[in-house]
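**Q** Sequence:
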Amino acid sequence: MPSTSKASRFFELADQREVAFCQSINRAVRFRPALGYFRLVSRLGDGWFWYALILSIPFLYPQSGPGLALLMALTGLTCTLSYKLLKRWLIRERPFISFPAINCGTPPLDRYSFPSGHTLHAVCFQVMLTVAEPALALIVLPFTLSVAASRVVLGLHYPSDVAAGALIGGLMGYVAMSWLHSDFVTVFAGSI
Numbered sequence: 728m729p730s731t732s733k734a735s736r737f738f739e740l741a742d743q744r745e746v747a748f749c750q751s752i753n754r755a756v757r758f759r760p761a762l763g764y765f766r767l768v769s770r771l772g773d774g775w776f777w778y779a780l781i782l783s784i785p786f787l788y789p790q791s792g793p794g795l796a797l798l799m800a801l802t803g804l805t806c807t808l809s810y811k812l813l814k815r816w817l818i819r820e821r822p823f824i825s826f827p828a829i830n831c832g833t834p835p836l837d838r839y840s841f842p843s844g845h846t847l848h849a850v851c852f853q854v855m856l857t858v859a860e861p862a863l864a865l866i867v868l869p870f871t872l873s874v875a876a877s878r879v880v881l882g883l884h885y886p887s888d889v890a891a892g893a894l895i896g897g898l899m900g901y902v903a904m905s906w907l908h909s910d911f912v913t914v915f916a917g918s919i
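If you're matching positions, the sequence shown starts at 728 in the numbering used here and goes up one per residue.
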């Protein structure tokens with residue numbers, strides 16, 4: 728995509744407006760405990776935490792859990808396809824690439840920045856849990872917030888990448904729960 732495209736020009740302007748904020752948040756990587764914590768959160772947010780949670784939900788909630796777990800897995804796949812397509816189409820460089828003063832706290836999983844896939848998944852699953860199992864959602868909330876924060880702290884995303892990921896993920900989770908949750912639970916509850 729040529730650098731003169733509308734998206735590219737928009738992101739160049741947005742990058743300049745967000746870089747100072749990114750740099751101030753990114754300074755947290757200078758502190759080893761903060762760097763270690765956010766690296767761990769980022770690694771778990773790669774999917775490991777969510778895989779473990781989805782696999783455990785049928786055991787935690789035998790009646791409704793199998794349907795919720797399957798719906799979360801399918802919605803998670805939809806999230807992955809969505810953010811990968813958006814990143815390839817919109818092509819926003821990561822902050823540490825565009826601004827060498829921003830330290831990269833951990834290697835990214837892919838090249839581009841917009842939207843944050845980690846945040847998209849985390850907020851999607853958070854919304855789904857909030858609708859289906861509010862007590863579990865409350866326990867998971869600190870992890871979800873830490874995943875979102877880790878993206879900027881580690882120099883991998885701009886705050887607008889995180890906000891966009893949260894918005895898209897929240898909408899995807901809400902739509903999945905509104906349209907499909909009762910059907911998935913009914914099918915699986917009937918087969919138990």
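You may find that some hints are simply not true.
As the list claims (entries may be wrong) - So the derived label-pair ranges between C-beta atoms look like this:
| id | residue 1 | residue 2 | range |
| --- | --- | --- | --- |
| 1 | V858 | S751 | 20 to 26 Å |
| 2 | R838 | R736 | 15 to 21 Å |
| 3 | R736 | G763 | 19 to 25 Å |
| 4 | A800 | S732 | 31 to 37 Å |
Don't read these hints as lab results, they were simulated from the structure.
Cβ atoms here follow ideal geometry from the backbone N, Cα and C, with glycine treated the same way.
**Q** Decide, hint by hint, whether the structure agrees.
**A** Verification of the supplied hints:
no. : hint                      : result
1   : V858 <-> S751: 20 to 26 Å : violated, 35 Å
2   : R838 <-> R736: 15 to 21 Å : holds, 19 Å
3   : R736 <-> G763: 19 to 25 Å : violated, 38 Å
4   : A800 <-> S732: 31 to 37 Å : holds, 35 Å
Hint compliance for this structure: hints 1 and 3 are broken, all remaining hints hold.
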